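Trainee: The residues making up each chain are set out below.
6 protein chains.
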Amino acid sequence: MGERFDKGLAVRKQVLGEAPVAQRVSSAQGELNADLQQYLTEFAWGDIWSRRQLSLRDRSLATIAMLAAQNRPTELKTHIGGAINNGMTMEEVAEVFLHAAVYCGFPAAMTCMRLAREVAAAREGAPG
Amino acid sequence: MGERFDKGLAVRKQVLGEAPVAQRVSSAQGELNADLQQYLTEFAWGDIWSRRQLSLRDRSLATIAMLAAQNRPTELKTHIGGAINNGMTMEEVAEVFLHAAVYCGFPAAMTCMRLAREVAAAREGAPG
Amino acid sequence: MGERFDKGLAVRKQVLGEAPVAQRVSSAQGELNADLQQYLTEFAWGDIWSRRQLSLRDRSLATIAMLAAQNRPTELKTHIGGAINNGMTMEEVAEVFLHAAVYCGFPAAMTCMRLAREVAAAREGAPG
Amino acid sequence: MGERFDKGLAVRKQVLGEAPVAQRVSSAQGELNADLQQYLTEFAWGDIWSRRQLSLRDRSLATIAMLAAQNRPTELKTHIGGAINNGMTMEEVAEVFLHAAVYCGFPAAMTCMRLAREVAAAREGAPG
Amino acid sequence: MGERFDKGLAVRKQVLGEAPVAQRVSSAQGELNADLQQYLTEFAWGDIWSRRQLSLRDRSLATIAMLAAQNRPTELKTHIGGAINNGMTMEEVAEVFLHAAVYCGFPAAMTCMRLAREVAAAREGAPG
Amino acid sequence: MGERFDKGLAVRKQVLGEAPVAQRVSSAQGELNADLQQYLTEFAWGDIWSRRQLSLRDRSLATIAMLAAQNRPTELKTHIGGAINNGMTMEEVAEVFLHAAVYCGFPAAMTCMRLAREVAAAREGAPG
Numbered sequence: 001m002g003e004r005f006d007k008g009l010a011v012r013k014q015v016l017g018e019a020p021v022a023q024r025v026s027s028a029q030g031e032l033n034a035d036l037q038q039y040l041t042e043f044a045w046g047d048i049w050s051r052r053q054l055s056l057r058d059r060s061l062a063t064i065a066m067l068a069a070q071n072r073p074t075e076l077k078t079h080i081g082g083a084i085n086n087g088m089t090m091e092e093v094a095e096v097f098l099h100a101a102v103y104c105g106f107p108a109a110m111t112c113m114r115l116a117r118e119v120a121a122a123r124e125g126a127p128g
Numbered sequence: 001m002g003e004r005f006d007k008g009l010a011v012r013k014q015v016l017g018e019a020p021v022a023q024r025v026s027s028a029q030g031e032l033n034a035d036l037q038q039y040l041t042e043f044a045w046g047d048i049w050s051r052r053q054l055s056l057r058d059r060s061l062a063t064i065a066m067l068a069a070q071n072r073p074t075e076l077k078t079h080i081g082g083a084i085n086n087g088m089t090m091e092e093v094a095e096v097f098l099h100a101a102v103y104c105g106f107p108a109a110m111t112c113m114r115l116a117r118e119v120a121a122a123r124e125g126a127p128g
Numbered sequence: 001m002g003e004r005f006d007k008g009l010a011v012r013k014q015v016l017g018e019a020p021v022a023q024r025v026s027s028a029q030g031e032l033n034a035d036l037q038q039y040l041t042e043f044a045w046g047d048i049w050s051r052r053q054l055s056l057r058d059r060s061l062a063t064i065a066m067l068a069a070q071n072r073p074t075e076l077k078t079h080i081g082g083a084i085n086n087g088m089t090m091e092e093v094a095e096v097f098l099h100a101a102v103y104c105g106f107p108a109a110m111t112c113m114r115l116a117r118e119v120a121a122a123r124e125g126a127p128g
Numbered sequence: 001m002g003e004r005f006d007k008g009l010a011v012r013k014q015v016l017g018e019a020p021v022a023q024r025v026s027s028a029q030g031e032l033n034a035d036l037q038q039y040l041t042e043f044a045w046g047d048i049w050s051r052r053q054l055s056l057r058d059r060s061l062a063t064i065a066m067l068a069a070q071n072r073p074t075e076l077k078t079h080i081g082g083a084i085n086n087g088m089t090m091e092e093v094a095e096v097f098l099h100a101a102v103y104c105g106f107p108a109a110m111t112c113m114r115l116a117r118e119v120a121a122a123r124e125g126a127p128g
Numbered sequence: 001m002g003e004r005f006d007k008g009l010a011v012r013k014q015v016l017g018e019a020p021v022a023q024r025v026s027s028a029q030g031e032l033n034a035d036l037q038q039y040l041t042e043f044a045w046g047d048i049w050s051r052r053q054l055s056l057r058d059r060s061l062a063t064i065a066m067l068a069a070q071n072r073p074t075e076l077k078t079h080i081g082g083a084i085n086n087g088m089t090m091e092e093v094a095e096v097f098l099h100a101a102v103y104c105g106f107p108a109a110m111t112c113m114r115l116a117r118e119v120a121a122a123r124e125g126a127p128g
Numbered sequence: 001m002g003e004r005f006d007k008g009l010a011v012r013k014q015v016l017g018e019a020p021v022a023q024r025v026s027s028a029q030g031e032l033n034a035d036l037q038q039y040l041t042e043f044a045w046g047d048i049w050s051r052r053q054l055s056l057r058d059r060s061l062a063t064i065a066m067l068a069a070q071n072r073p074t075e076l077k078t079h080i081g082g083a084i085n086n087g088m089t090m091e092e093v094a095e096v097f098l099h100a101a102v103y104c105g106f107p108a109a110m111t112c113m114r115l116a117r118e119v120a121a122a123r124e125g126a127p128g
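Protein chains in written order, with full-length UniProt numbering: chain A, 1 to 128; chain B, 1 to 128; chain C, 1 to 128; chain D, 1 to 128; chain E, 1 to 128; chain F, 1 to 128.
For the record, the hints were derived by calculation from the structure and aren't laboratory data.
So the derived label-pair ranges between C-beta atoms look like this:
hint, chain 1, residue 1, chain 2, residue 2, range
1, F, A121, A, T74, 42 to 48 Å
2, D, R117, B, S50, 27 to 33 Å
3, F, A121, E, A122, 52 to 58 Å
4, D, N85, E, G87, 21 to 27 Å
Just so we're clear, the structure is a prediction, and the values are computed from it rather than from any experiment. Cβ coordinates follow ideal geometry from the N, Cα and C atoms, glycine included.
Model the full assembly from the supplied sequences, consistent with the hints where possible.
Mentor: Okay, here's the thing in C-alpha cells:
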C-alpha cells in the first residue's frame with residue numbers, strides 16, 4: 001500500500017507478533033474498520049513507532065503506562081505482550097503497574113495487575 | 001521521622017532537586033497538607049521509587065507517560081525536570097509526548113508539548 | 001407522571017425504539033433505579049433531547065462522540081442504534097470513531113469500532 | 001419559574017451562599033448559558049439535592065469526591081465552600097483529598113489540597 | 001509483617017470481610033502482585049483508612065463516589081459491599097449513584113446503578 | 001513537504017483560519033514540537049479531516065463533543081472557532097455543551113459554556 005504502510009507493518013509485526021497482526025489486518029478487509037487498521041499501521045507504526053528517538057523498549061514502557069492510566073484493558077493486554085517482545089521482563093511490567101498505584105491510584109494498579117497475571121498465565125500455558 | 005521517610009526524602013531530592021523539595025516539605029508544616037507531604041515522601045518515594053526493579057530513568061518515563069494521559073500539568077512539569085535529572089534528554093521527553101498522540105490523542109500531545117517547551121525555556125534561562 | 005415525563009418518553013422511544021425503552025422503564029419499577037429512570041426520561045429526554053436548537057441527528061452525533069471519549073461501552077452501543085434511527089448511516093458512525101483516533105487516541109477508536117461491528121452484526125442478524 | 005426552580009434555588013443558596021448564587025443566576029440572563037443555569041437549578045438542585053435520602057453533608061462529601069476524581073478545579077473550589085456550609089470542617093475536607101491519594105493517585109490529591117488551601121486562605125482573609 | 005500491615009489488615013477485614021480479604025492476600029503470595037497487596041494493606045488500609053479524621057462510613061462514601069467517577073467496576077462492587085458493612089443502607093448507596101448523574105453524567109450513574117443491583121441481588125441470594 | 005501535508009494544511013487553514021495556522025506552523029520550526037505539528041497537519045488534517053464520509057460541520061460537532069468530555073480547554077477554544085467557520089452558530093455550539101450536562105455531567109457543561117462565552121466575547125470585540 002506504500003512505504004509507510006510496509007514500514008509500519010514490519011514494526012507492528014516485530015512488536016506484536018507475525019500471526020496476530022496478519023490476522024487482524026486481513027480480517028478487517030471489506031469491513032467497517034479497514035481504514036482504521038490502515039491508518040493505525042501507517043501513522044501509529046510507520047510514522048511514530050519507527051522513529052529512532054526512543055528505543056522500542058522505551059516506547060513499550062510509555063505505552064503500557066499510558067494505557068494503565070486510561071483504563072483500556074484490551075489494548076493493554078496486547079501491549080503487555082509487546083513489552084515482553086521488546087525486552088521487558090514480566091517483573092518489570094508488573095513494576096510499572098505497582099508504580100501506577102502512586103500516580104493513578106490503587107484501583108488502576110490492581111486492574112492492570114490482574115491483566116498482567118492473565119497474560120503471564122496465557123504465555124506459560126502456550127506451547128513452546 | 002523514620003527510615004522510610006529518610007530514604008524517601010533522599011530519593012525525592014535526588015530526582016526533583018534539593019532546594020525545591022526542602023521548600024515544599026518545610027512550607028507544609030503545620031498546614032493542611034503536612035500529612036499528605038509525609039505520606040508522599042514515605043510511600044511514593046520511600047517505598048516505590050526506592051525499589052530497584054526499575055531504573056530511575058524507567059520510573060521517570062512511566063511517570064510522565066501516566067501524567068500525560070491524565071492531564072495533570074503542574075505535576076507533569078515537575079516530573080519533566082525529574083526525567084532530565086534521571087538521564088533523559090529533553091528530546092526524549094518530547095518524543096514521549098509525540099508518542100502520546102497515538103495513545104491519548106493529539107490534544108493531549110499538544111498540551112504536553114507546550115509544557116515541555118516551558119520547562120525547556122525556564123532551564124535555559126536559569127543561571128549556570 | 002406529568003408532561004415532562006410524557007414528552008421525554010416519546011422522544012426516548014423515537015430514538016431508541018419502542019420495545020427496549022418500555023422494557024427498561026417497566027423493569028425498573030419498585031427497584032433501586034426507578035427514580036434514576038424517571039429523571040433520565042424527564043430531564044435527559046423531556047428537557048434536553050426535546051429542544052429544537054439541534055436536530056436529533058446532531059444530538060446523536062454529539063452523544064456517540066462524548067461516549068467514545070468517555071469509554072462507556074454499554075451506553076455507546078445503545079446510542080449507536082439511536083444514531084442509526086436518527087438518520088446516520090453505519091458508515092458515518094464508523095467515521096466518527098475513526099475521527100476519534102485523532103482526538104482520543106487509537107485505543108479509544110479501536111474499542112468503539114469493535115462495538116460498532118457488534119451492533120452492525122446484531123442488526124443484520126435481526127429479522128426484517 | 002415554577003416549583004422545581006424555586007425549591008432548587010433555595011437549596012442552592014443554602015449550600016453555596018445567597019450572594020454568589022444570585023449573582024450567577026442574574027448575570028446569565030439573556031446569555032448563552034441562561035438555559036444551563038435554569039436546568040442546573042431545577043434538576044441538579046431542585047430534583048436531586050432536595051431529596052432526603054442523603055443528608056446535605058453526605059451530598060457535599062460525595063460531590064467533592066467526584067470532582068476530585070474528575071479534575072475540575074473551578075467547581076471543586078465552589079463545592080469546598082459548600083461542604084463547609086453543610087457542616088464539614090476544613091480538616092475533614094482535606095482528609096477527603098488525602099483519601100483521594102489512595103483511589104485517584106497522589107497528583108489528584110496534591111492538586112485538590114492546593115485548592116483547599118486557597119479556599120481556606122480566602123475564607124480567613126474575608127471580613128467576619 | 002509489621003505494625004502498619006497488621007493494623008491495615010484488621011481494618012481491611014472489618015470493612016471488606018474476613019474471608020475475602022484472607023483469600024486475596026494468601027492467593028497473592030509468590031505471585032506478581034504480592035508486593036502490591038502488601039502496599040495496599042500497609043498504606044491504603046494501615047495508614048489512610050485507619051486515620052480517625054473521617055468515620056469509616058464517610059470514607060466508604062468518598063470511595064464509592066471516586067470509583068463512580070472513574071469507571072472502575074470491579075473495585076466499585078467490592079466497595080459497595082464495604083459501604084454496607086460501614087453502615088450505609090443500599091438505598092443510600094443507590095442515592096450516591098443518582099447524585100452522580102449530576103456530577104458525572106447519566107451514563108456513569110446508570111453503570112453504577114447496574115452494579116449496585118448486582119451486589120444487592122448477590123447479597124439477597126446469599127445464605128443467612 | 002508532500003501531498004498529505006499540503007492537503008492537510010489547506011483544510012486546517014479553511015477550518016481554523018489562515019493566519020493562526022500559518023503562525024503556529026512557522027513558530028514551530030526548529031523547535032521541540034516541529035515534528036508534532038507536521039504529523040498533526042499530515043495525519044489529523046491531511047488524512048482524517050480531508051475524508052468526505054462526514055461533512056466538515058459534522059467533524060466540528062464531533063470534535064467539540066470529544067473535547068468537552070475530555071476537559072481540554074485550549075483545544076476546545078480553538079475548535080469552537082473552527083465550528084463557527086464550518087457553519088455552526090454559536091447557539092448550536094452552546095447547545096452541544098448543554099447536551100453535555102446529560103452525558104458528561106454539569107461541571108463539564110459549565111466549564112465548556114464559560115469557554116464558549118470567552119470565544120463569543122473575543123469574536124464580538126474583533127474588528128469586522
